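**Q** Chains A and B supply the protein sequences, listed in that same order.
For the first sequence, full-length UniProt numbering assigns the number 1 to the initial residue and increments by one for each residue that follows.
For the second sequence, full-length UniProt numbering assigns the number 1 to the initial residue and increments by one for each residue that follows.
Careful, some of the hints might be misleading.
Under 10 Å between C-beta atoms, here's a sample of chain B residues computed to sit facing chain A [as the list claims (entries may be wrong)]:
hint	residue
1	Thr304
2	Glu306
3	Lys482
4	His490
5	Ser493
6	Glu496
7	His505
8	Arg508
9	Asp509
10	Trp511
11	Asn513
12	Leu544
13	Ala547
14	Ile548
15	Ser549
Don't read these hints as lab results, they were simulated from the structure.
Everything numeric in this text was worked out from a predicted model, so none of it was measured.
Ideal Cβ placement from N, Cα and C applies to all residues, glycine included.
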Amino acid sequence: MGSAHSVPAEMRELADRTGFTSEQIEHLHRRFKQLSQDQLTIRKENFDSIPDLEFNPIRGKIVHAFFDKRNLRQESDGLAEEINFEDFLTIMSYFRPIEMNMDEEQLDRFRKEKLKFLFHMYDSDHDGKITLQEYRNVVEELLSGNPHLEKESARSIADGAMMEAASICVGQMGPDQVYEGITFEDFLKMWQGIDIETKMHVRFLNVDTIAHCY
Amino acid sequence: RPLPPRARRRLGQPVSGVALLLGLMALPAALGQRSSESHKNSNESFAIVSFKWDHVKEPYIIALWILVASLAKIVFHLSHKVTRVVPESALLIVLGLFLGGIVWAADHLASFSLTPTVFFFYLLPPIVLDAGYFMPNRLFFGNLGSILLYAVIGTVWNAATTGLSLYGVYLTGIMGELHSGLLDFLLFGSLIAAVDPVAVLAVFEEVHVNEVLFIIVFGESLLNDAVTVVLYNVFDSFVAIGETNVTGIECLKGIVSFFVVSLGGTLVGIIFAFLLSLVSRFTKHVRIIEPGFVFIISYLSYLTAEMLSLSAILAITFCGICCQKYVKANISEQSSTTVRYTMKMLASGAETIIFMFLGISAVDPDIWTWNTAFILLTLVFISVYRVIGVVIQTWILNRYRTVQLEIIDQVVMSYGGLRGAVAFALVALLDGNKVKDRKLFVSTTIIVVFFTVIFQGLTIKPLVQWLKVKKTEHREPKLNEKLHGRAFDHILSAIEDISGQIGHHYLRDKWSNFDRKYLRKILMRRSAQKSRDQILNVFHELNLKDAISYVAEGERRGSLAFIRSPSTDNMVNVDFSTPLPSAVESSVSYLLREKAGPVCLDMQALEQRRKSIRDTEDTLAHHTLQQYLYKPRQEHKHLYSRHEIMHSEDDKQDKEIFHRTMRKRLESFKSTKLGINHSKKLNKIHKRDRGQKRRNSSVIPNGNIPPENPVQDFALKEKDLEFSESEENNDYETLHLGKGVDFLANVTKQNFTDAPAGIDNPVFSADDDQSIYMKFSPWLSSEDTVVPSQRARVQIPYSPDNFKRLTPIRLSNKSTDSFLLADGPEDRPRSFLPESTHM
């Protein structure tokens with residue numbers, strides 16, 4: 001229901017803001033309605049109906065990201081209970097591929113947005129820092145798909161990664177200096193030289209290829 | 001029987017020529033006489049020694065050729081200047097021409113040529129297998145669409161346009177009188193169209209373009225084989241049945257056969273890959289022949305595909321691609337290394353021989369027919385149509401690709417369209433009776449191959465530099481990158497799931513689920529299933545690198561002692577939370593050497609101690625290796641390289657820097673636990689203490705020991721050495737004090753129980769350090785009492801006897817006694833601590 005009768009103007013505004021074409025928006029809207037069972041908003045439970053998501057080791061984190069207010073709009077914090085279609089689109093727009101006519105500045109902003117999204121996913125306590133504990137949690141979840149891997153090794157991997165991050169971000173540290181966690185600036189540093197914009201994207205086809213869901 | 005009859009015949013002919021070439025001038029004559037003589041004499045008496053050249057000559061000559069080619073490679077690489085500018089393949093061709101020239105001048109016989117049989121059965125498979133087995137799978141499948149387009153459409157386009165254009169020009173009469181029809185031209189077009197994997201690899205490996213570009217050109221050259229084979233066969237049979245008999249049905253058959261040949265070949269490869277993986281799962285008890293399976297079964301896939309007239313190259317490529325993951329997981333580490341080296345050796349050797357023989361084959365006046373117009377136009381057409389084809393296809397592709405192929409990439413791709421030995425072998429296969437202009441085709445193919453390999457091979461490097469093509473950056477595998485990469489995969493596939501798209505990530509996700517659920521269970525050993533995780537691999541690799549550089553550092557200092565210093569443990573074992581099980585043992589010999597080392601009177605005790613140190617060293621090294629040096633499975637290769645097995649041989653210095661920083665990082669983590677101030681204080685104290693210790697040690701021998709004692713002298717020397725070493729160590733040791741606090745407490749007990757009976761002199765054993773630590777150890781100062789923490793209470797074994805620090809040197813048996821006394825001291829720590837404070 002909802003905005004099924006979407007007025008062209010509203011559509012255009014959405015398209016402008018998220019960068020999707022109107023066809024893509026229509027498809028995503030259809031998907032949205034499918035997920036929300038024709039409600040106006042999606043709650044966390046709705047994501048349980050996607051069978052393919054079940055095997056994703058970090059599904060919790062991903063679903064969480066949809067309700068993370070930091071991702072939805074600027075200058076806000078906390079968790080949303082439910083999101084509407086516009087929010088859904090906003091999240092999706094983090095995964096748009098780059099467009100050819102982007103200039104340097106736009107590209108940079110685009111890149112930062114993507115990284116911000118990622119950063120928020122790691123930083124689960126919203127303090128602007130990925131602490132060792134948070135990193136460990138993520139790594140544990142990531143590796144949970146492999147039943148043979150013990151938690152111990154996941155932890156030591158996270159520790160190793162953290163040290164690596166510290167060495168990248170701070171360089172030489174005094175013996176008494178403490179590295180508390182990865183800040184967003186550090187996060188940017190770590191991603192230097194990796195073309196995130198070519199990696200972090202999903203091709204939103206114009207054709208309807210909606211997978212089933214129950 | 002190393003070669004089939006035909007090859008042997010060809011190779012065997014000019015014995016004398018080879019002999020001459022190799023400097024065995026006198027051999028043929030001698031051999032002729034001898035053999036006839038021995039024949040005469042055979043009736044009369046038994047010859048003790050006989051010279052049987054004829055008996056061995058075929059394998060002998062082959063071996064000599066291989067030797068020559070290999071030696072040539074050594075010579076080329078003597079000068080870096082040459083190989084940096086001129087690709088090896090070009091050098092080999094020139095060498096081949098040169099050698100062929102000598103042989104020809106010597107006995108006016110065309111010596112050898114690259115026969116299609118030898119090429120297709122023995123030289124090509126290792127190269128292609130190597131390519132498949134070390135294929136960066138993810139990159140390959142990620143670009144599969146583009147690769148397929150270039151391989152299929154591109155090759156057909158090249159073949160058709162080249163053939164038709166040549167035919168068109170022929171009709172104008174510029175080329176003079178030829179005996180060929182349209183079909184012959186198309187046949188020629190089809191064999192000259194395909195980009196050659198051997199040539200492309202040989203050149204691109206030295207150019208180091210970025211990986212996407214590389215995989216596209218290289219993948220194209222591998223996969224276009226199916227197209228080439230089909231086109232070649234189709235036109236070959238069309239030429240055979242005659243132009244008039246070609247019907248639409250025949251053409252349709254040709255198209256159908258393309259799908260059968262390519263998909264069939266791929267299927268054969270996959271089946272054999274499955275077999276190979278399955279076999280490798282059960283080779284646990286036959287480790288020695290384990291590597292053999294890899295080669296034999298993949299070779300069988302090649303032969304099977306050939307037997308079924310499917311695309312053999314595709315079969316062996318996909319066999320390699322599909323089996324690599326499981327085989328590498330299953331076979332032992334050594335076997336894995338063996339496979340790697342053997343494969344590289346075979347491939348590299350085969351490539352060397354191919355290029356050299358290409359050169360040699362060209363020296364044969366019988367195969368040459370010159371037709372300027374035809375040859376020049378062929379060169380022009382293949383270059384021009386390659387460019388046009390690439391531009392058109394890229395334009396189409398770029399509408400779908402996210403990583404755009406830019407104009408520079410397109411230039412390199414067009415320019416990298418090298419022709420090579422496959423084309424030559426195919427043209428040599430032509431039947432002179434059916435194809436009237438075979439000679440012209442052969443000559444033209446040779447010219448084209450030489451032109452592309454030598455000229456384009458020479459110029460592509462400057463071109464790449466001039467165009468500033470994005471090159472590969474070899475970077476260290478970073479743990480964070482891998483972790484984020486993994487997270488990405490999951491996030492993206494989740495987003496595809498949520499948004500209901502069926503895309504790339506969706507498919508990959510489903511595949512990896514399938515792989516994990518079924519394939520791995522069938523194809524991997526249980527133990528291997530465990531350790532198979534990319535992230536873990538990177539982690540292990542990094543750890544291994546650390547450990548290696550530590551050993552290297554130890555070698556540099558001429559001692560492994562420092563390796564057991566606390567820093568190593570911290571370094572290699574990033575897990576802070578475990579109570580450092582090895583810290584105890586590992587520091588034993590370190591302490592022994594450092595502290596108890598210098599002064600010793602009892603030669604036997606010294607001997608014993610040294611032995612025990614060595615023993616502990618051994619067991620420790622073993623232990624460290626087992627526990628911390630994770631198995632290196634160099635599985636993820638970002639780039640394919642035939643000649644080098646990419647183990648990053650970095651500068652020691654780099655590593656050291658890395659280490660130092662890592663160590664410091666670690667310390668900073670530590671200090672969060674221990675409290676910054678303490679560690680700082682400790683540093684200072686430790687330094688002072690060191691100085692004091694030094695003074696002590698220099699005083700004592702002068703005062704109490706008769707200087708003429710040789711043992712003492714020896715001990716002194718050793719001590720000096722030790723000190724110079726420890727000076728070097730000093731700077732990081734101080735960094736590690738924070739850590740040292742708790743582990744020294746652990747250590748001391750062990751120190752004495754582990755030491756042999758002849759522990760001679762406790763004066764310089766750990767107690768002085770120990771007392772310092774006790775005094776300033778954080779748990780004490782934080783509690784504001786002299787009562788040690790639970791841990792210290794349990795682990796400090798000293799009796800008050802140990803604190804007669806100024807007692808002169810005791811004989812070893814005495815000191816042993818005191819240690820025996822000290823063995824059960826857990827009940828007395830309190831009495832010891834206050835004393836220690838007024839040191």
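**Q** Would you settle whether the hint for B:Glu496 is holds or violated, based on the nearest Cβ-Cβ distance to chain A being less than 10 Å?
**A** 5 Å, holds
**Q** Minimum Cβ distance from B:His490 to chain A below 10 Å?
**A** Holds, because the Cβ-Cβ distance from B:His490 to chain A comes to roughly 5 Å (cut-off 10 Å).
**Q** Return the status of the interface hint for B:Asp509: holds when the least beta-carbon distance to chain A is below 10 Å, violated otherwise.
**A** Holds: closest Cβ of chain A sits about 7 Å from B:Asp509, inside 10 Å.
**Q** Taking the least C-beta to C-beta distance, is B:Lys482 closer than 10 Å to chain A?
**A** 9 Å, holds
**Q** With a cut-off of 10 Å, does the beta carbon of B:Ser493 approach a beta carbon of chain A closely enough for the hint to hold?
**A** 7 Å, holds
**Q** Have a go at the B:Trp511 hint: is there a Cβ in chain A nearer than 10 Å to its own Cβ?
**A** At about 12 Å, which exceeds the 10 Å cut-off, the nearest Cβ of chain A leaves the hint on B:Trp511 violated.
**Q** Under 10 Å, Cβ to Cβ, is where B:Asn513 needs to be relative to chain A, so tell me if that hint holds or is violated.
**A** 6 Å, holds
**Q** Regarding the hint that B:Ser549 lies at the interface with chain A, is the smallest CB-CB distance below 10 Å?
**A** The hint is violated - B:Ser549 has no Cβ within 10 Å of chain A, the shortest such distance being about 15 Å.
**Q** Take the shortest C-beta to C-beta distance between B:Thr304 and chain A; is it under 10 Å?
**A** Hint violated; B:Thr304 Cβ to chain A Cβ min 35 Å, cut 10 Å.
**Q** Next item in the hint list is B:Arg508. Is there a CB on chain A closer than 10 Å to its CB?
**A** 12 Å, violated
**Q** Under 10 Å is the threshold here; is the Cβ of B:Ala547 close enough to any Cβ of chain A for the hint to stand?
**A** 13 Å, violated
**Q** Does B:Ile548 pass the interface check with chain A, least Cβ-Cβ distance below 10 Å?
**A** With Cβ-Cβ at 16 Å, over 10 Å, it is violated.
Violated hints, in rising order: 1, 2, 8, 10, 12, 13, 14, 15; the structure is consistent with all others.
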